[in-house]
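Based on these hints, arrange chain F on the given structure of chain D.
Those protein sequences? They're chains D and F, same order as listed. For the first sequence, the residue numbers in the UniProt record's numbering are 1 to 286. For the second sequence, the residue numbers in the UniProt record's numbering are 1 to 273.
Every clue listed holds true.
Once the Cα atoms are required to be at most 25 Å apart in a straight line, the calculated SDA-like pairs of lysine to any residue come out as:
| # | chain 1 | residue 1 | chain 2 | residue 2 |
| --- | --- | --- | --- | --- |
| 1 | F | K261 | D | L87 |
| 2 | F | K48 | F | V37 |
| 3 | F | K126 | D | Y40 |
| 4 | F | K103 | F | P163 |
| 5 | D | K281 | D | I266 |
| 6 | D | K97 | F | I16 |
| 7 | D | K92 | F | I12 |
Derived list of chain F stretches under chain D, where covered just means 3 residues or more per stretch with a C-beta under 8 Å from a C-beta of chain D:
| # | segment |
| --- | --- |
| 8 | 86–98 |
| 9 | 243–252 |
Heads up, incomplete: computed chain F residues facing chain D, CB under 10 Å, no partners named:
| # | residue |
| --- | --- |
| 10 | W8 |
| 11 | T11 |
| 12 | I22 |
| 13 | L25 |
| 14 | T28 |
| 15 | L113 |
| 16 | P118 |
| 17 | V125 |
| 18 | Q127 |
| 19 | F146 |
| 20 | L148 |
| 21 | I213 |
| 22 | Y256 |
| 23 | K261 |
| 24 | I264 |
No lab work stands behind these hints, which were simulated from the structure alone. Note that the structure is predicted; figures quoted are calculated from it, not measured. Backbone N, C-alpha and C define an ideal beta-carbon position, used for all residues, glycine too.
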Amino acid sequence: MAKKHTFYVMTIPAMVLFFLFQTYPTIQGIFYSFTNWKGYGDWEFVGLDNFLRFFRDDRTQHAYSFTFGYSILSTILVNVISLFVALGLNAKIKFQKTLRAIYFLPNILSVLIIGFIFGFIFSHVIPELGASLGIGLLEKNILGNPNLAWIGIVLVAVWQAVAFNTILYLAGLQTVPMELYEAARIDGASRWIEFWKITFPLIAPFFTINVVVAMREFLMAFDHIVALTNGGPGTSTETISLLIYRGAFQDGDFAYQSANAVLYLIAIVLISVLQIYFLQKREVEL
Amino acid sequence: MNIKKTNWPITILLCIGALTIIFPLYLTFVIAVKTPVEMAQSIWAFPKVFHFENFIKAIEMTNFFNAFKNSAIVTIFSVVLTVLTNSMVAYAIARNMHLRFFKFLYYYFVSALFIPFPILMLPLVKQMSSWGLDNVVGLIFLYVVFGLAFNVFLYVGYIKSIPKELEEAAIMDGASTWKIFWKVIFPLLSPMNATIAILTCLKAWNDFLLPLIILVDKDDATLPLVQYVFQSEFSANYNLAFASYLMALLPMIIVYLFAQKWIIGGLTRGAVK
Numbered sequence: 001m002a003k004k005h006t007f008y009v010m011t012i013p014a015m016v017l018f019f020l021f022q023t024y025p026t027i028q029g030i031f032y033s034f035t036n037w038k039g040y041g042d043w044e045f046v047g048l049d050n051f052l053r054f055f056r057d058d059r060t061q062h063a064y065s066f067t068f069g070y071s072i073l074s075t076i077l078v079n080v081i082s083l084f085v086a087l088g089l090n091a092k093i094k095f096q097k098t099l100r101a102i103y104f105l106p107n108i109l110s111v112l113i114i115g116f117i118f119g120f121i122f123s124h125v126i127p128e129l130g131a132s133l134g135i136g137l138l139e140k141n142i143l144g145n146p147n148l149a150w151i152g153i154v155l156v157a158v159w160q161a162v163a164f165n166t167i168l169y170l171a172g173l174q175t176v177p178m179e180l181y182e183a184a185r186i187d188g189a190s191r192w193i194e195f196w197k198i199t200f201p202l203i204a205p206f207f208t209i210n211v212v213v214a215m216r217e218f219l220m221a222f223d224h225i226v227a228l229t230n231g232g233p234g235t236s237t238e239t240i241s242l243l244i245y246r247g248a249f250q251d252g253d254f255a256y257q258s259a260n261a262v263l264y265l266i267a268i269v270l271i272s273v274l275q276i277y278f279l280q281k282r283e284v285e286l
Numbered sequence: 001m002n003i004k005k006t007n008w009p010i011t012i013l014l015c016i017g018a019l020t021i022i023f024p025l026y027l028t029f030v031i032a033v034k035t036p037v038e039m040a041q042s043i044w045a046f047p048k049v050f051h052f053e054n055f056i057k058a059i060e061m062t063n064f065f066n067a068f069k070n071s072a073i074v075t076i077f078s079v080v081l082t083v084l085t086n087s088m089v090a091y092a093i094a095r096n097m098h099l100r101f102f103k104f105l106y107y108y109f110v111s112a113l114f115i116p117f118p119i120l121m122l123p124l125v126k127q128m129s130s131w132g133l134d135n136v137v138g139l140i141f142l143y144v145v146f147g148l149a150f151n152v153f154l155y156v157g158y159i160k161s162i163p164k165e166l167e168e169a170a171i172m173d174g175a176s177t178w179k180i181f182w183k184v185i186f187p188l189l190s191p192m193n194a195t196i197a198i199l200t201c202l203k204a205w206n207d208f209l210l211p212l213i214i215l216v217d218k219d220d221a222t223l224p225l226v227q228y229v230f231q232s233e234f235s236a237n238y239n240l241a242f243a244s245y246l247m248a249l250l251p252m253i254i255v256y257l258f259a260q261k262w263i264i265g266g267l268t269r270g271a272v273k
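Looking at chain D on its own, in the form it has when it is part of the complex (with noise of 0.2 Å):
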């Protein structure tokens, strides 16, 4: 019985990290939103106070709702666009390998310092270019407009993002049978039916994946939106872990932004369920 012994062993280092650095400060996280501790001194219980604040505080509730709606548009647009590029890239084209490799540059840059160079972008390249051709909704730059930031930060997520999605739509349509669409084109089926009956039914699993991908790391945006508007103008653009972040340790708020992070944990939570649920369910019935 020495082996089942050396399988226990080979658990210990693993399992003893992960519960000192990630299970730990979880539940220390879930214990402080019941306090109203300010991340020093002393502190008591108070219930769910900070839970209800959350109902008050309009701040939090524009965060919820423009991650929410940054994240579901940001979701559409990259799928959309990747499952475009994957086609293509999977089409008989010329320089397939140069336009892969470029296609998927994007994933390995760091989302920080591509958030700078696109704030150069929109600050400076854009309306010069604007005004040089006499556009004048370019001349302004967009992320310095509390009403029109929002476009800045999803051209960069979707920028980046469309990279990997599209790694992952190439990987599901090398799966489907060339056969299938010699069959489909003896039948005089058209591209357009081709794609609906054969192509993306047989990728639909990885629609899924892609879909609860992006959507996760689109719901945890930070970095490029601390490069390109740091939450502003104003608090317009500012994600709800980009408020916790700055709520917990700039103004103090420790035990409410702990609150809110359950709150926050709640939410995703349940989004990945409901998209599991409902997009597995989509491609059985396909």
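Just chain F now, kept in the frame of chain D:
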């Protein structure tokens, strides 16, 4: 097989699309080698002279080599430790899923996929500083731990597809479980080890949030953090800023140029699992 002709409309569309990816990088390069005067004439024109002194100034300003060293240490150790510890625990789990303890451990780890980082962010910062881990060493621990959920998921799926006969033969020869893991299983895991090494490497090299909240000493700063810290000082001079961005992006781009096929293959393997 009917040999189809090259689809030119799609090729052209994809080339135009690729410009949206190339342009920001082109822009980064040309701005990095211009002077403010040249930039005032035209932002995107290709420069007549390359002002490489921008790089030297940016290196001095940001203490580039120190940040590079920190990023490299964090990345290398995170990758090595992640591959070693995560594959080991995944092997134990994959071969003992019928036992309650291992099954519990599997779901315990994988459930972390659904836990958003902000919930543990605040207590974690306190914990790391009180344990003296608010430094590069602490960061390495955290990358090993935070990758665990997804890595165990990938490894366990992969190990289950490896036939047990190989191990049984080794047991017959009297090999211990340790020996079987190192001599038989670990080499067979190579494709998955590569996938997980790539994922961990990208995460550790490019991550911004963890260095931002964990690191205290300025000398510990990693490359992305340095770009953030020096943002305000750069605001006067975009050329230096872009020289600095380019140097921070370049190591990964170079690795990608050489190992591109391998990286994409690795990522695809992770995705298809």
